[in-house]
Amino acid sequence: MDTPFFELRNITKYFSKVVANKDVSFSVGKGEVLALLGENGAGKSTIMKILYGLYKADSGQIFKDGEEQKINSPKDAMALGISMIQQHFSLVPAHTVTENIILGNVKGKIDRKACEKEIGELAKNYGFDVAPDAFVRDLSVGVQQKVEILKALYLKTRLLIMDEPTAVLTPQESENLMQFVRNFTAEGNSVIFITHKLKEVMEVADRIIVMRGGEVCGDLKCSQTDEKELSRLMIGKDLVPADRGSEEQSKNGEVRLEFQNISIVEHDQVPKLKDITFDIHQGEIFGIAGVSGNGQEELCEVVCGALHPTSGKLLLDGEDITDLNIRQRIDKGIGYVPSDRYRDGMVMDMTLAENMMLKTSFGKKWLKRGFIDKAKLNGCTEKAIQDYAVKAPGPDAMARGLSGGNQQKVVLAREVENGTKLIIFDQPTRGLDLGAVDHIHKVILGERAKGKSILLISTELSEIFALSDRIAVLYKGVVQGVFDRSEIDTEKIGLLMAGYAVDKGCSNEC
Amino acid sequence: MNAKFRDLLLTTFLAIVLGLGLSAVMILFLGKNPLDAFGLLFTSIIRDQYTFGDIFVKATPLIFTALSFAFTFKANLFNIGAQGQFYIGAVIAVWSSLLMGGKVPGPLALLIVLILTAVGGGIWGALIGYFKARFNANEFLTSMMSTYVALAIMNYLLRTVLMEKKGEYPQTDALNESVWLPTFVPGTRLHIGFILAVLVAVGIWVLLYKTPLGYRIRAVGYNADAARMSGIDAKKLYVIAFFISGALAAGAGYTEVNGVQHMLLQGFNPDIGSAGLGIAILANANPIGIIFASILFGALNVGGTIMGQMSGIPSSIIELMEGFVMVFVILSYFVRARLENRREKRKLQKKVEE
Amino acid sequence: MINLLIVTVVMGTPLLYGSISEVFAERSGVMVTAIEGIFLMGAWAGFVGAYLTKSLLVGVACAIGAGVLTAALYGWITVYLKQHQVVTGTAINILAVGMCSFLQRVIFGVPVSPLTVTPLPMLPIPLLSKIPVLGPVFFNQNILTYLMYLIVPASYFLLYKTSIGLIIRSAGENPEAVDVAGINVDRVRFILVLVAGVMGGIAGAFYSIGYLGMFTTNMIGGRGWIAFAICFLGNWNPKGALAGTVVFGFTEALAISMQSSGGGFFPNELFIALPYILTIVLTITRKSFNVPAQLGVPYKKEN
Numbered sequence: 001m002d003t004p005f006f007e008l009r010n011i012t013k014y015f016s017k018v019v020a021n022k023d024v025s026f027s028v029g030k031g032e033v034l035a036l037l038g039e040n041g042a043g044k045s046t047i048m049k050i051l052y053g054l055y056k057a058d059s060g061q062i063f064k065d066g067e068e069q070k071i072n073s074p075k076d077a078m079a080l081g082i083s084m085i086q087q088h089f090s091l092v093p094a095h096t097v098t099e100n101i102i103l104g105n106v107k108g109k110i111d112r113k114a115c116e117k118e119i120g121e122l123a124k125n126y127g128f129d130v131a132p133d134a135f136v137r138d139l140s141v142g143v144q145q146k147v148e149i150l151k152a153l154y155l156k157t158r159l160l161i162m163d164e165p166t167a168v169l170t171p172q173e174s175e176n177l178m179q180f181v182r183n184f185t186a187e188g189n190s191v192i193f194i195t196h197k198l199k200e201v202m203e204v205a206d207r208i209i210v211m212r213g214g215e216v217c218g219d220l221k222c223s224q225t226d227e228k229e230l231s232r233l234m235i236g237k238d239l240v241p242a243d244r245g246s247e248e249q250s251k252n253g254e255v256r257l258e259f260q261n262i263s264i265v266e267h268d269q270v271p272k273l274k275d276i277t278f279d280i281h282q283g284e285i286f287g288i289a290g291v292s293g294n295g296q297e298e299l300c301e302v303v304c305g306a307l308h309p310t311s312g313k314l315l316l317d318g319e320d321i322t323d324l325n326i327r328q329r330i331d332k333g334i335g336y337v338p339s340d341r342y343r344d345g346m347v348m349d350m351t352l353a354e355n356m357m358l359k360t361s362f363g364k365k366w367l368k369r370g371f372i373d374k375a376k377l378n379g380c381t382e383k384a385i386q387d388y389a390v391k392a393p394g395p396d397a398m399a400r401g402l403s404g405g406n407q408q409k410v411v412l413a414r415e416v417e418n419g420t421k422l423i424i425f426d427q428p429t430r431g432l433d434l435g436a437v438d439h440i441h442k443v444i445l446g447e448r449a450k451g452k453s454i455l456l457i458s459t460e461l462s463e464i465f466a467l468s469d470r471i472a473v474l475y476k477g478v479v480q481g482v483f484d485r486s487e488i489d490t491e492k493i494g495l496l497m498a499g500y501a502v503d504k505g506c507s508n509e510c
Numbered sequence: 001m002n003a004k005f006r007d008l009l010l011t012t013f014l015a016i017v018l019g020l021g022l023s024a025v026m027i028l029f030l031g032k033n034p035l036d037a038f039g040l041l042f043t044s045i046i047r048d049q050y051t052f053g054d055i056f057v058k059a060t061p062l063i064f065t066a067l068s069f070a071f072t073f074k075a076n077l078f079n080i081g082a083q084g085q086f087y088i089g090a091v092i093a094v095w096s097s098l099l100m101g102g103k104v105p106g107p108l109a110l111l112i113v114l115i116l117t118a119v120g121g122g123i124w125g126a127l128i129g130y131f132k133a134r135f136n137a138n139e140f141l142t143s144m145m146s147t148y149v150a151l152a153i154m155n156y157l158l159r160t161v162l163m164e165k166k167g168e169y170p171q172t173d174a175l176n177e178s179v180w181l182p183t184f185v186p187g188t189r190l191h192i193g194f195i196l197a198v199l200v201a202v203g204i205w206v207l208l209y210k211t212p213l214g215y216r217i218r219a220v221g222y223n224a225d226a227a228r229m230s231g232i233d234a235k236k237l238y239v240i241a242f243f244i245s246g247a248l249a250a251g252a253g254y255t256e257v258n259g260v261q262h263m264l265l266q267g268f269n270p271d272i273g274s275a276g277l278g279i280a281i282l283a284n285a286n287p288i289g290i291i292f293a294s295i296l297f298g299a300l301n302v303g304g305t306i307m308g309q310m311s312g313i314p315s316s317i318i319e320l321m322e323g324f325v326m327v328f329v330i331l332s333y334f335v336r337a338r339l340e341n342r343r344e345k346r347k348l349q350k351k352v353e354e
Numbered sequence: 001m002i003n004l005l006i007v008t009v010v011m012g013t014p015l016l017y018g019s020i021s022e023v024f025a026e027r028s029g030v031m032v033t034a035i036e037g038i039f040l041m042g043a044w045a046g047f048v049g050a051y052l053t054k055s056l057l058v059g060v061a062c063a064i065g066a067g068v069l070t071a072a073l074y075g076w077i078t079v080y081l082k083q084h085q086v087v088t089g090t091a092i093n094i095l096a097v098g099m100c101s102f103l104q105r106v107i108f109g110v111p112v113s114p115l116t117v118t119p120l121p122m123l124p125i126p127l128l129s130k131i132p133v134l135g136p137v138f139f140n141q142n143i144l145t146y147l148m149y150l151i152v153p154a155s156y157f158l159l160y161k162t163s164i165g166l167i168i169r170s171a172g173e174n175p176e177a178v179d180v181a182g183i184n185v186d187r188v189r190f191i192l193v194l195v196a197g198v199m200g201g202i203a204g205a206f207y208s209i210g211y212l213g214m215f216t217t218n219m220i221g222g223r224g225w226i227a228f229a230i231c232f233l234g235n236w237n238p239k240g241a242l243a244g245t246v247v248f249g250f251t252e253a254l255a256i257s258m259q260s261s262g263g264g265f266f267p268n269e270l271f272i273a274l275p276y277i278l279t280i281v282l283t284i285t286r287k288s289f290n291v292p293a294q295l296g297v298p299y300k301k302e303n
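Protein chains in written order, with the UniProt record's numbering: chain E, 1 to 510; chain U, 1 to 354; chain W, 1 to 303.
Read the hints as simulated data drawn from the structure, not as lab findings.
Heads up, some of the hints might be wrong.
List of simulated lysine-lysine pairs, DSSO-like, C-alpha gap at most 30 Å [what the hints assert, rightly or not]:
(1) E/Lys107 / W/Lys300
(2) E/Lys56 / E/Lys156
(3) W/Lys239 / E/Lys113
(4) E/Lys30 / E/Lys124
(5) E/Lys56 / W/Lys300
Derived CB-CB ranges, DEER-like [unchecked claim]:
(6) E/Tyr342 / U/Arg343: 21 to 27 Å
(7) U/Lys236 / E/Asp373: 22 to 28 Å
(8) U/Gly267 / W/Trp76: 30 to 36 Å
(9) U/Phe42 / W/Trp76: 28 to 34 Å
(10) E/Asn125 / U/Ala3: 42 to 48 Å
Note that beta-carbon positions come from the ideal geometry of N, C-alpha and C, so glycine has one too.
Using the sequences and the accompanying hints, generate a full structural model.
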């Protein structure tokens with residue numbers, strides 16, 4: 001057998017709260033596409049960050065062409081021809097494409113014109129439509145990814161590592177990316193891509209490394225395996241999809257939330273939301289699909305009251321709530337599970353009990369003679385911990401100490417309790433392991449069964465399909481039609497997500 | 001006692017010891033024996049009742065200014081202007097005391113003076129919060145600069161309307177004895193302002209940790225975005241927090257004017273704000289911890305002054321000690337986080353190996 | 001009037017040293033909140049060095065040394081140990097006051113008469129200093145001011161036209177991008193804090209041996225903070241710092257001239273407080289943009 005291009009041997013890495021990697025060994029050959037498959041928290045990103053020199057392993061060795069290498073910083077990795085594109089791009093939004101690409105790679109005085117020319121040509125060679133003098137903050141996520149790739153190409157990378165590259169792309173953009181990967185490896189270069197999507201793996205990978213709980217639990221040739229086997233290896237058990245329950249229920253419910261021509265247009269800028277009109281019934285899950293950054297966050301904030309539309313009306317049970325503020329809407333029974341719980345949903349340096357009263361600190365609920373009723377608050381929190389199977393020492397545990405999935409369950413418990421009429425779920429399962437995802441899906445369906453209305457936003461099409469009664473696609477702030485879940489398939493949604501009009505699958509409204 | 005609390009006590013104690021130790025080394029440069037110097041420091045503070053009582057007299061205003069910084073710090077705001085709020089408080093206290101002294105019954109006058117001082121200092125402080133809420137003005141800069149403005153106002157008033165009848169020095173007349181804060185330990189200068197300070201510290205703790213308002217202030221401090229998403233109006237809280245913070249610092253003016261100096265003069269306690277800030281750091285912004293940290297600084301102050309008088313060591317050694325202690329306390333934050341981290345990692349490693 | 005402008009340049013020089021170095025450090029993501037202490041240590045060490053060796057040059061060197069040491073302590077705690085920048089700066093500023101008043105006493109005891117040195121001489125530049133108005137205002141100043149004339153354009157060039165400047169600006173916007181590019185973020189930031197120590201030390205020396213020829217522990221009196229404020233108000237840009245410095249230098253010059261001539265109708269204290277009032281007014285009225293996205297946030301990697 002040939003000497004592998006790069007080889008990792010017995011890498012172990014501890015973080016203070018989790019074992020990230022335990023005795024991980026695998027290799028990648030020249031011209032090979034290697035997929036690193038596993039759930040969130042399986043240790044995929046960590047092992048790659050070790051190879052790229054961002055983290056230091058506690059033990060283990062790295063070889064290139066059979067020779068041991070010491071990689072102490074990304075500089076060392078780059079010198080060996082390794083580039084890595086992080087899941088959250090490491091670009092400077094306030095700088096231009098060129099400035100981002102040459103950062104740390106040129107010396108002395110910068111000849112802006114020459115650099116821009118060089119990068120323009122590089123982009124042209126690979127068929128990337130990227131303006132070298134554009135500011136990164138003005139680019140869509142898909143284009144930003146191209147900038148990241150250009151950064152690697154600029155350094156003449158031999159091994160390109162991509163962390164969840166398709167998470168932010170439309171299905172069509174993903175297809176283009178896969179084509180690039182094929183071309184790039186055809187030149188003798190190697191690619192490692194980290195993913196948790198089985199479909200992509202089967203499509204593009206030559207070989208697959210499956211990781212679970214920080215360990216390698218499978219090293220398979222793509223041609224000798226199938227999705228079923230991979231899924232079992234990845235999760236460690238077969239997963240039973242959540243039961244959607246009765247299909248008829250939603251159709252009968254009365255209208256609960258109505259969007260009437262809601263737009264957000266600031267000054268002369270591109271509208272953030274444009275003429276949004278649809279309604280959500282009682283006992284219905286209304287799914288919004290789309291690539292992130294197409295107005296989803298604004299849509300959620302319009303409903304929860306953090307953002308006020310520049311025109312249009314929002315009705316809850318027939319009552320105009322457009323001018324109500326966040327606090328008033330909380331009192332009306334609107335719950336909101338935000339996509340970024342670190343930023344919007346929790347106070348990490350407070351206890352779980354304190355987080356439980358975050359949205360209801362104004363009410364009399366937690367008061368006893370003017371002071372906070374600690375006993376009552378602890379009791380409620382204790383109950384939530386048990387009901388939602390939160391792995392936590394107790395109500396006085398700091399939110400920061402919990403895993404992402406358990407933190408999310410706490411937010412969920414609070415919002416389900418507050419949101420007596422309507423609950424917004426924005427990316428409720430992003431970054432969670434499958435066990436937690438499963439649990440959260442069951443909770444969402446359970447609330448639907450109680451007759452609550454659910455607005456579900458997700459970039460994971462599988463999630464949208466698994467839960468929604470009706471589906472709308474959001475593209476550049478515009479709703480691209482509303483569909484019954486039976487009326488639409490992945491391909492159609494993919495086109496809508498990319499802004500193509502499809503033959504008008506008629507919505508309930510028309 | 002859990003490991004975290006043990007670390008806290010141990011590292012803070014160590015920080016104080018190291019801070020004092022390094023100051024001792026500095027004393028060597030003077031050609032004096034640091035052991036003698038520190039021996040003197042510690043024996044002098046307990047040499048008689050009067051001196052010992054003075055520790056608490058010195059601690060009193062420090063409790064107020066430390067609380068002032070700590071309170072806004074809980075809302076992730078920086079009130080570096082406690083010194084100025086103290087000046088404003090002192091001016092209001094002396095002015096209203098001069099007006100009422102001998103005319104209004106003592107206890108009533110003292111109560112009115114206290115309220116006026118707190119409200120006046122509160123408004124001076126709340127302006128900073130208002131500028132922040134309304135114009136998004138950086139409170140760190142505005143509060144910092146407000147001190148110099150307050151100082152100028154005080155100096156101006158001291159040489160004009162508030163100037164003594166003799167017209168000789170930029171200082172006020174002495175207050176009528178009826179508006180002096182009564183002492184409660186015979187043979188000392190220890191006045192009831194100290195009790196007030198301790199009660200206020202406890203009150204602030206209750207406010208922060210037991211009431212919804214305090215809860216919201218802390219929530220905004222830890223995560224302003226999440227607080228906003230929960231319907232909490234951060235801007236209103238900025239003004240409220242700065243009002244309370246300013247009122248607290250002004251409280252130091254009240255106890256110093258009515259309790260200790262019984263007059264106001266130029267160059268009055270110029271370091272009380274920064275010392276308060278240091279104490280807040282030492283106490284990790286905990287109101288109860290601030291009481292003890294203030295007493296420690298009070299003791300260093302009293303002992304350091306006596307040491308200076310008796311052994312020729314300059315009294316700037318006090319600031320040096322305080323500075324070193326603060327730096328070591330900040331280092332102890334780091335050490336504690338490290339220890340905690342390592343403990344978690346070891347626990348994990350053990351679990352994995354089993 | 002010409003005299004007012006001359007004093008404007010004099011008072012502006014140390015502020016510009018301070019604010020430019022603050023611009024650099026803050027562009028990389030660190031606020032040098034120890035700037036007041038750095039100024040003070042510089043002023044003290046500059047005076048001591050100059051007094052003991054009778055050499056102003058040695059004085060300036062000592063000031064730089066003291067500034068760098070103070071900055072190094074600050075940088076170590078905030079950049080490498082990731083501690084709070086405002087809290088750490090405050091502690092170091094208090095320490096600096098204690099340190100220099102204590103050491104002043106150690107070295108000089110209790111002097112009978114105030115200690116003085118001859119301040120840096122004015123070096124009129126031949127020909128240029130003869131130009132009416134501009135000559136005396138700009139070209140009859142001391143060496144530190146002339147050095148400043150070079151630093152302003154050089155810093156602008158460095159920040160915007162070179163790869164080092166790109167790294168600095170990126171470190172304050174998105175340190176991860178710098179890290180991924182294989183550059184040690186903490187090292188970049190620490191070096192810039194040290195640079196702030198060099199420049200702040202010089203600024204401090206300017207107050208003690210630059211034009212007064214003496215030292216007192218309250219001689220900085222918040223001017224470090226004013227330099228800090230200028231950096232904010234100048235939108236983190238050397239040009240803005242220059243503009244801000246002109247405004248503040250002029251205000252200080254005005255205050256000085258009013259104090260010596262008597263303010264007439266207005267009380268003296270108003271002029272003393274003028275720079276501080278101006279800072280508050282400008283902080284309120286000026287919209288700040290360009291704030292480095294990660295200003296004041298330590299770069300932490302999980303490990």
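Here is what the structure says about each hint:
1. E/Lys107 / W/Lys300: 27 Å, holds
2. E/Lys56 / E/Lys156: This hinted pair holds, its Cα atoms lying about 24 Å apart.
3. W/Lys239 / E/Lys113: At roughly 24 Å apart (the allowed maximum being 30 Å), E/Lys113 and W/Lys239 satisfy the hint.
4. E/Lys30 / E/Lys124: Holds: E/Lys30 and E/Lys124 sit about 25 Å apart, inside 30 Å.
5. E/Lys56 / W/Lys300: Holds, because 14 Å separates the two Cα atoms, which is no more than 30 Å.
6. E/Tyr342 / U/Arg343: 21 to 27 Å: Holds: the Cβ-Cβ distance is about 24 Å, inside 21 to 27 Å.
7. U/Lys236 / E/Asp373: 22 to 28 Å: Taking Cβ atoms as reference, U/Lys236 and E/Asp373 lie about 24 Å apart, which means the hint holds.
8. U/Gly267 / W/Trp76: 30 to 36 Å: 35 Å, holds
9. U/Phe42 / W/Trp76: 28 to 34 Å: For U/Phe42 and W/Trp76 the Cβ distance comes to about 32 Å; the hint holds.
10. E/Asn125 / U/Ala3: 42 to 48 Å: 59 Å, violated
Comparing the model with each numbered hint stated earlier shows that hint 10 is the single one that does not hold.
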